[in-house]
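Trainee: Sequence:
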Amino acid sequence: MASAMRYGFQEQGQGLLRAALWVAHMWRILMRMIAGAVLLHFVLFVVSQVTLLLALLLPWNILASLTTDRLPWRVAWLFDGYGPATAVPILMALVVGCFVAHLLAEAGNARLVRQASRWIVDRHDKTGLSDALRGQAAPFLGRLLRLFSVCGWLLLAAIIMALLYPALFAALLVYIVVGALVILTLRPGKRWGTAISADLRGKAWWGVGFIWLVGCVIYHAWHGALPHFWALFPSLLLGRQILVFLTAVQTNVTFLLGRAERVEALFLPDAPLAPPQRQSDGFAGLAQRDRRAAWLPGLLAAYGAGDFEVREQATRWETNGRVLCLLVDAPGSQQDRALLIRVFHKNIRELGRHERNILVHAGRHWPVPEFLGESELREGHLALVFEWAKGQDWLTRQEINRQVQLEVRKSLLACEVPAELVDRYKRGNIQLGQHLARIDWVLLRQMALTPELAATCDRLRGNWSALLRWLDQQPFQVLLDKLVWRLMARGKDGAFVVSNWANWRLEPLGIDWPLGWTKQELEQMLAQAALSRPALLSVAADDVCLVARLEELRKLNADGNYTAVFGVLGALETQLTHCVNTPESGQLQVRESDFFAIQKMDIA
Numbered sequence: 002m003a004s005a006m007r008y009g010f011q012e013q014g015q016g017l018l019r020a021a022l023w024v025a026h027m028w029r030i031l032m033r034m035i036a037g038a039v040l041l042h043f044v045l046f047v048v049s050q051v052t053l054l055l056a057l058l059l060p061w062n063i064l065a066s067l068t069t070d071r072l073p074w075r076v077a078w079l080f081d082g083y084g085p086a087t088a089v090p091i092l093m094a095l096v097v098g099c100f101v102a103h104l105l106a107e108a109g110n111a112r113l114v115r116q117a118s119r120w121i122v123d124r125h126d127k128t129g130l131s132d133a134l135r136g137q138a139a140p141f142l143g144r145l146l147r148l149f150s151v152c153g154w155l156l157l158a159a160i161i162m163a164l165l166y167p168a169l170f171a172a173l174l175v176y177i178v179v180g181a182l183v184i185l186t187l188r189p190g191k192r193w194g195t196a197i198s199a200d201l202r203g204k205a206w207w208g209v210g211f212i213w214l215v216g217c218v219i220y221h222a223w224h225g226a227l228p229h230f231w232a233l234f235p236s237l238l239l240g241r242q243i244l245v246f247l248t249a250v251q252t253n254v255t256f257l258l259g260r261a262e263r264v265e266a267l268f269l270p271d272a273p274l275a276p277p278q279r280q281s282d283g284f285a286g287l288a289q290r291d292r293r294a295a296w297l298p299g300l301l302a303a304y305g306a307g308d309f310e311v312r313e314q315a316t317r318w319e320t321n322g323r324v325l326c327l328l329v330d331a332p333g334s335q336q337d338r339a340l341l342i343r344v345f346h347k348n349i350r351e352l353g354r355h356e357r358n359i360l361v362h363a364g365r366h367w368p369v370p371e372f373l374g375e376s377e378l379r380e381g382h383l384a385l386v387f388e389w390a391k392g393q394d395w396l397t398r399q400e401i402n403r404q405v406q407l408e409v410r411k412s413l414l415a416c417e418v419p420a421e422l423v424d425r426y427k428r429g430n431i432q433l434g435q436h437l438a439r440i441d442w443v444l445l446r447q448m449a450l451t452p453e454l455a456a457t458c459d460r461l462r463g464n465w466s467a468l469l470r471w472l473d474q475q476p477f478q479v480l481l482d483k484l485v486w487r488l489m490a491r492g493k494d495g496a497f498v499v500s501n502w503a504n505w506r507l508e509p510l511g512i513d514w515p516l517g518w519t520k521q522e523l524e525q526m527l528a529q530a531a532l533s534r535p536a537l538l539s540v541a542a543d544d545v546c547l548v549a550r551l552e553e554l555r556k557l558n559a560d561g562n563y564t565a566v567f568g569v570l571g572a573l574e575t576q577l578t579h580c581v582n583t584p585e586s587g588q589l590q591v592r593e594s595d596f597f598a599i600q601k602m603d604i605a
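Count along the sequence shown from 1, add 1, and you get the number used in my numbering.
Since the hints were derived computationally from the structure, they do not count as laboratory data. Treat the hints with care, since some could be wrong.
What the hints assert, rightly or not - Once the Cα atoms are required to be at most 20 Å apart in a straight line, the calculated SDA-like pairs of lysine to any residue come out as:
| id | residue 1 | residue 2 |
| --- | --- | --- |
| 1 | Lys-483 | Pro-515 |
| 2 | Lys-347 | Asn-358 |
| 3 | Lys-520 | Ala-542 |
| 4 | Lys-204 | Ile-160 |
| 5 | Lys-347 | Asn-321 |
| 6 | Lys-556 | Ala-438 |
| 7 | Lys-427 | Leu-469 |
| 8 | Lys-520 | Pro-476 |
| 9 | Lys-493 | Thr-397 |
| 10 | Lys-347 | Phe-284 |
| 11 | Lys-483 | Glu-400 |
| 12 | Lys-483 | Arg-550 |
Claimed, not checked - Label-pair restraints from in silico Cβ distances:
| id | residue 1 | residue 2 | range |
| --- | --- | --- | --- |
| 13 | Ala-303 | Ala-171 | 57 to 67 Å |
| 14 | Val-175 | Leu-22 | 18 to 28 Å |
| 15 | Asn-430 | Ala-21 | 40 to 50 Å |
| 16 | Arg-462 | Arg-202 | 55 to 65 Å |
Yeah, the Cβ is synthetic: ideal placement off N, Cα and C, and Gly gets one too.
Could you build the full structure based on these sequences and the hints that come with them?
Mentor: Next comes the structure, spelled out in structure tokens:
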């Protein structure tokens, strides 16, 4: 225990020293370049703080004068011989003047920061700095100058407090030193880190400190050592402000150190902007044999796998190394079982929960291994556990050919999603119809190069609302983008299964149908999927192709490829004239001869 405390003290003490050295280095650099701006910022900051304090305190004297019909003794000496009728308007004018002075000082500092940051960036004249980074120069410099001004104000406030009330200043130093030692020694654990935010810890720091100062004042009063009001009151206010500003210094330094490379690239003459370096948090080590011994046995035991063997060659990493996939054989349990473990980094646990939300509804015909459950590891990572076939291994990229993808698409079409999950999904995700509703037809009409294209835009625009209502009535399908890049295998019954359901979507049926594939393939796929999902019996292949065409239009319009958009509009118009449905189907009532007549399309 003592060694752990000593290690925590040394580690945090070294971090504090590095932070102080970095701040001092930045202060020296800026003083060499813009010393006048640094000093002027400090003067305006002091003016801002003093005038704000007066603007907040003077109204209490006005209220006291109005309620007691006499001037408080604290301000009576300023108005010797004058009554409240004269003093109150003067005090109110002082309040307004102080507040205006505070605003002018803050506005002056903001203008000073903008001009100084622009001057520094132009002086360095570095190439390759993005507009976004240049736009951060003023906020970063503002934080730096405010940090320097706050430190200067803390020093000035400490001197004034020490002169006015030495005993209270000594008590403040005791609290700061003891509090710093406690913070450096006791490293907050996981429970503290999640239950108490940094803002709440800061408020607790200065709140407890202020109560300590008030307690010291009461102690001095009981022992007859209380100074005059004009020494006591300002000292108490300054002590509270010192505690609050110390918290602000810590927050500001933490913010700036987290962006130190960008700050240095902007304000140091010879500091290049290095790309952000990814910090290892030990997640990659979960796959190592010694680390697995700490978390995998307990996880597998919960699913009846006592003895197990990890297939080392089958270990895979997904999502830029943030998802770990393990295949585990359990030879001595329940007829030689095998399990698939998918571990999601704690920062993307919601991605794992998104998978879990649909996999708990997976039916017998779904292209997915049987989902057994989820567990949370000690570090906060989320693990999903699946039943796996003995000897089942991953397909290679070359094996996931067109035929395999077609088989998986058939299986996905047969996935029946509960209405409750569809409703939850629609509440949180934008879909094809909502994307299409954002198409700027005015812009497309203006960009049309021929009268025929302009006429096509006009006809489509006039019927677009009805088409979107038709689209909203189409059945949904489960969509897995980029099938060729997902981990697949062949299941026990020979069917293909997809282990990675990350970022699954629910979209109108046909949104991912490749337009180059044949209509016969589509009809066969719909007929086979309808055996497990009877709702697809009433779906026409032309409707599916129409949805795929609308998705093509959405992609091209989102990319700003308007030349290709006009090509799709012509094909879409032709395709719409062949989309014929009966009124009983609840879809568009369309005839090839009058689809683009003047009257609007109607929903039957």
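Trainee: The structure should be examined with respect to each hint, and the outcome stated for every one.
Mentor: A quick look at each hint next to the structure:
1. Lys-483 with Pro-515: Since the Cα atoms of Lys-483 and Pro-515 sit roughly 12 Å apart, the hinted pair holds (cutoff 20 Å).
2. Lys-347 with Asn-358: Measuring from Cα to Cα gives roughly 17 Å; hence the hint holds.
3. Lys-520 with Ala-542: holds, 7 Å
4. Lys-204 with Ile-160: Judged against 20 Å, a Cα distance of about 24 Å means the pair is violated.
5. Lys-347 with Asn-321: Cα-Cα ~14 Å, so holds.
6. Lys-556 with Ala-438: Between Lys-556 and Ala-438 the Cα gap is close to 13 Å, so the pair holds against 20 Å.
7. Lys-427 with Leu-469: holds, 15 Å
8. Lys-520 with Pro-476: Status holds; Cα separation ~19 Å.
9. Lys-493 with Thr-397: holds, 18 Å
10. Lys-347 with Phe-284: holds, 9 Å
11. Lys-483 with Glu-400: holds, 15 Å
12. Lys-483 with Arg-550: Holds, because 18 Å separates the two Cα atoms, which is no more than 20 Å.
13. Ala-303 with Ala-171: 57 to 67 Å: Given about 58 Å between the Cβ atoms, the range holds.
14. Val-175 with Leu-22: 18 to 28 Å: holds, 26 Å
15. Asn-430 with Ala-21: 40 to 50 Å: Given range 40 to 50 Å: holds, Cβ gap about 47 Å.
16. Arg-462 with Arg-202: 55 to 65 Å: Because 57 Å falls inside the window, the suggested range holds.
Going down the numbered hints, you'll see the structure goes against just number 4.
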